[in-house]
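> Listed here are the chains, written in short residue letters.
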Amino acid sequence: MAAEIVSFMLNGRETVVVVNPLETLKDVLRDRLGYMATKSGCSQGGCGSCTVLVDGEPMVSCILPAKDIEGREITTLEGLTTKAGELHPIQEAFYDNFAMQCGYCTPGMIMISKALLDRTSHPTHEEIADALAGNVCRCTGYQPIFEAIEDAAHRISGHEWSGGRDIGGSKS
Amino acid sequence: MTVQHKEELHVVGKSVPRRDGLGHVKGTTTFYEDHQFNNLCYLKMVRSPVAHGKLNGVDFSEAEKVRGFVTYLTHKDVPNNIYTILRLIGVGPDDEPVLAVDRLRFKGEAIAAIIAESEEAANRAASLVKLDIEELEPVLDVEEALKPGAPAIADTGVNYFIYENEMDHRQVRLGDVEKAFQEADYIVESRFQSSPIEHAPTETTGCIVVPESDGRYTVYTNTQALFFSLDNAGITLNLPFEKMHFVGGTSGGGFGGKVDVITEPVTILAAMHTGRPVKFKYSRQEEMAVSSPRGAWRLYYKDGVMKDGRIIARKVTTYADSGAYNRHTPYAVTKHAANAAGPYNIPNVSIDAYCVYTNKAPSSAMRGFAVTMASWAIEQQMDKIAEVVGLDPWAIRFINAYKNGDMKPHHKIAEDATLIEVMQAAAEMTGVDLPQEYKDMSSAEVSHD
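From first to last, the protein sequence lines stand for chains X and F. Here the first sequence is numbered in my numbering, starting from 52 and rising by one per residue. Here the second sequence is numbered in my numbering, starting from 1232 and rising by one per residue.
No lab work stands behind these hints, which were simulated from the structure alone. The beta carbon of each residue, even a glycine, is placed where N, CA and C say it ideally should be. It is possible that part of the hints are untrue.
To be verified - Covered stretches of chain X (in silico footprint by chain F; criterion: 3 or more residues with CB under 8 Å from a CB of chain F, positions within the stretch not fixed):
no., stretch
1, 52-66
2, 93-105
3, 153-160
4, 186-197
Next comes chain F alone, as it looks inside the complex:
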């Protein structure tokens, strides 16, 4: 690869008008909801009022009497009701119902879809559906969920995702942390707990599905994952992929919150059953309470540190709160496990990362998810180490920063390391005058033979 000189670059370092900017300021950008259709039906989801329960029955008799009621859908109408989004890349087993069967695993879980002539009629009919539920004790804490005797949430009978058909968590090992702890001058321990974070896009999640006269379904959607949604919808509905035409690309805010495959399969199904265009738009309440947030994470760090600031051992145990189902968290934990020691050269590392089920709304993608929470914890830990050892927070990071050629915890040699250069640039931008030895450092050094 040749690196262009700055004066030859056409975009980098320059401001280029947004491709969609004119449409945005004129109000002519077409969002999914701006497509209008005659004869449109509205879909409203009947949701679980409890965090954990047995669903013994659903009674639609009062709902059906509402003027404007068209039809309803339950799990019996969904050809392949149980799915997991990442089955497309080999993650399994399928664990989540499109519409609940006989168990309710989080408050707000979808039970049945009401389709009606107007939004008002759909809301009213949904509110009249009677649910026969036997409430069960919910499990809401990741470590409680892993204790023997905790109520099992998943059908596998255990409250953790099973890796490689046998592992209850992801493990990363380098060197011998216990031996190194014996040799360390200081031991620094911390516990971190993050909260779930909702993306809160200004445009809520939704789609409109239109049955076309050629037998295809056009799906106008604000998904961030157009083909993930198409493929998953096809598998869920036993529908050949070419029978669907997904139209997307414009999303009123996503941030990872519109990556899950949620509204499209059931709305396509509603269009199949009614033969009419159907719209399913999350209310603001649904967006905040039901759509998957950035998952909460619990992280324990134990570091062995020498008087000169070198971290010689780092033991990490973390628990991702996946909520009731997989969504993207099994993948997130794998990514997390590879990064949980941070961008530092530490010769002895032990990482245990668990993907745990609880009776909460499933968590999913959000901006660097899984790595973000590790960085959030690690950098607080680095400040704490600096305080314990009596060194400047900049110094502790330069002393431990990894360089090209260093061995990462998951046994990959570091290439393209940039932490030192990023810190040098950050210091310059914030007016911090670094000691000369740190100004002279470079990631290019190879610290090992």
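Extracted from the complex, chain X is given alone in its bound form:
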């Protein structure tokens, strides 16, 4: 099998790459294009660290053949921060709610949260749990991630959020 030319939109930017057969989107993003936010914890689609959005749908890029993204729109974590460097409300909520420790699962967690909140503006606890089912975090115990997603839902809709733990902190 021969290499193929694949063109797609990456975070709003036209992108063209030459990929080998079965080369994964994760490898294209990291090794060919230098987009390092996307992580790879298992390389078998089991941990969710490599989650990106393909036409808005969350997909594990470590087992997604790059040739299948021809003509699609890809969003990685790098695409959430604005060009001026402003954080997306989901990023702000993860930061303020300590929804990360080592940071390795965080890109995947934020992308799966984006996919969830794009289709469900105020998800229930069960809907959040369902969305996170394929994303492994070994540090936080998940509770701060649930809180960050609830907080982000309120930030996006412009409402004050009164939930979360009382950590006597700087949440504002």
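Starting from the known structure of chain X, fit chain F onto it as the hints suggest.
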């Protein structure tokens, strides 16, 4: 030391943003694997398919034909192949090969390193290496391993770590437990067995080593023990420490699982042999099956208890499953032996703690290791004692809690005891209304002259 008033504290009781938090949510935190290099080689380890065996030969002839194959490394390429991590603090003898010589002591043990142009080529070449192995009966149980006639795993000829050049285990003695057992109203005995626990960090263990033009090696690594790894790598490779520059500090989950010195020495060696940057990243399968877990522990408790709930004697015999090699377990057993009676004031204590070798993946550090398993057993034992004596589980702990001035089993006077205060706070937080006598207790009391 002066204790600051709460209003003067800047951090305690307040929430402070994470130093690395912004990088984490933006995806700009640099993990070791995010460093990219041209001309990068990939290292894949050939591993033992058996738990115990003689390694009679390794044949690379088919592996060498794989397109993209660069070179291989065996034990003959490692200047000081046999090591033990804690040699840096005087633990010995060295017992573990970086790459196996002629014995295989656990399933997954490293035999040879394949270096290739791509991950795929390295995996393929490693899979084509032919191993000539004579399988031996494995020893998989800690007490079986100590029986006379059990196959010897370690080169010392015995299946236990030797303490102080003569002891087959760690001993702690206080008072006379056998005499106290005669005087006790109840004897409460238990056996506990824990399982190994894998840390399972989301980022697997790994490093990238880059040969620099000034003759140094830059080592990008996710180790939790940067200088332990640097020093051990230097000794293993006969490389002056200043020839290495370790870059770390960012680890995608550790929990103690990235404390062993595993990927760096052999990857530096691969960079020396190829003159090229080399990456060695554990697969998820390797992380789960080969990386050292929290060790399994077998613990026997025998307690002599009085009708009023006082524990007057505690006899503890425990066996740490170190796996095939030392790693951190000899140290763990020492720490364990000092804590195996728990935070209780018991006048007669006997502790025997063994560091035992078996044909399993070596166990190592994980979050309070050695003490955690003792606490896990002791607190179950305390509940059992409460049931036998007919007292509340809180009561049995307040009655026996140690206080400042009490003698610990290893003949240290307790200072800074806090168990009583911790239990009082825990009761308050969980809505348990303790009897007034326990609310009034304090660790500050000195119970002995």
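> Confirm or reject each hint.
Each hint tested on the structure:
1. Coverage of the stretch 52-66 of chain X by chain F is violated. Counting CB-CB distances below 8 Å, 0 residues qualify, and the rule asks for three or more.
2. Look at the stretch 93-105 of chain X against chain F: 6 of its residues bring a Cβ nearer than 8 Å to a Cβ of that chain, three or more, so the hint holds.
3. With 6 residues having a beta carbon nearer than 8 Å to a beta carbon of chain F, the stretch 153-160 of chain X meets the requirement of three or more and the stated coverage holds.
4. Look at the stretch 186-197 of chain X against chain F: 4 of its residues bring a Cβ nearer than 8 Å to a Cβ of that chain, three or more, so the hint holds.
Going down the numbered hints, you'll see the structure goes against just number 1.
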